[in-house]
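J.: Sequence:
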Amino acid sequence: MRRNADASSRAGNQCKGITGTGGDCKTILTQVKMLILIAPFIERKLMDELVEENLGKFTSIQELVSIVPFISRKTASQAAQLFADQNLTLEDIVSIAPFVNRDIVDKMAIACQHNIKNMQDIIPFAPFVSRDMLQQILNR
0 MRRNADASSR AGNQCKGITG TGGDCKTILT QVKMLILIAP FIERKLMDEL
50 VEENLGKFTS IQELVSIVPF ISRKTASQAA QLFADQNLTL EDIVSIAPFV
100 NRDIVDKMAI ACQHNIKNMQ DIIPFAPFVS RDMLQQILNR
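The letter at position 61 of the sequence shown is residue 60 when you use numbering that gives the first Met the number 0, and the numbering goes up by one with no holes.
To be clear, the hints were calculated from the coordinates, so they are not data collected in a lab.
Check before you lean on any hint, since a few could be wrong.
No more than 30 Å apart at the CA atoms, straight line, and that leaves these computed lysine-lysine pairs for DSS-like [unchecked claim]:
1. Lys56 / Lys106
2. Lys44 / Lys106
3. Lys32 / Lys56
4. Lys44 / Lys73
5. Lys32 / Lys73
Predicted model, so just to flag it, every value in this text is computed and none were measured.
Turn these sequences into a full structure, and let the hints guide you.
T.: Below, the structure is given as structure tokens:
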């Protein structure tokens, strides 16, 4: 509980400097659209905390892709896990793959195997999947 209070306090202080509104900005910062807008201006640790507290508010992988450069790999992987088994496009996987753990990319690749038609489809995300997953995709 203390961790959330610390994040709220730091968010309020940083929000005051960014927006000039002061006061409690926690409500503003917990809106995904606002998180996307302010992500470049907030320290990574605070951004991780805000994302972790609001994982359920992300409705698409595209929202997550917008902020992954500004959060840790651990937090990005945790958030991406929510979308790993959805019907993602190859572009979705390529966009998020550099920022998440390999096991998450493997799960995403399994979920979208039906979209892989040829070798050209595999090349953009091949460096981010495990060797076993790559072999499984190639053998199919």
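J.: Work down the list of hints and note, for each, if the structure agrees.
T.: Hint by hint, here is what the structure shows:
{"no.": "1", "hint": "Lys56 / Lys106", "verdict": "holds, 22 Å"}
{"no.": "2", "hint": "Lys44 / Lys106", "verdict": "holds, 26 Å"}
{"no.": "3", "hint": "Lys32 / Lys56", "verdict": "holds, 10 Å"}
{"no.": "4", "hint": "Lys44 / Lys73", "verdict": "holds, 11 Å"}
{"no.": "5", "hint": "Lys32 / Lys73", "verdict": "holds, 21 Å"}
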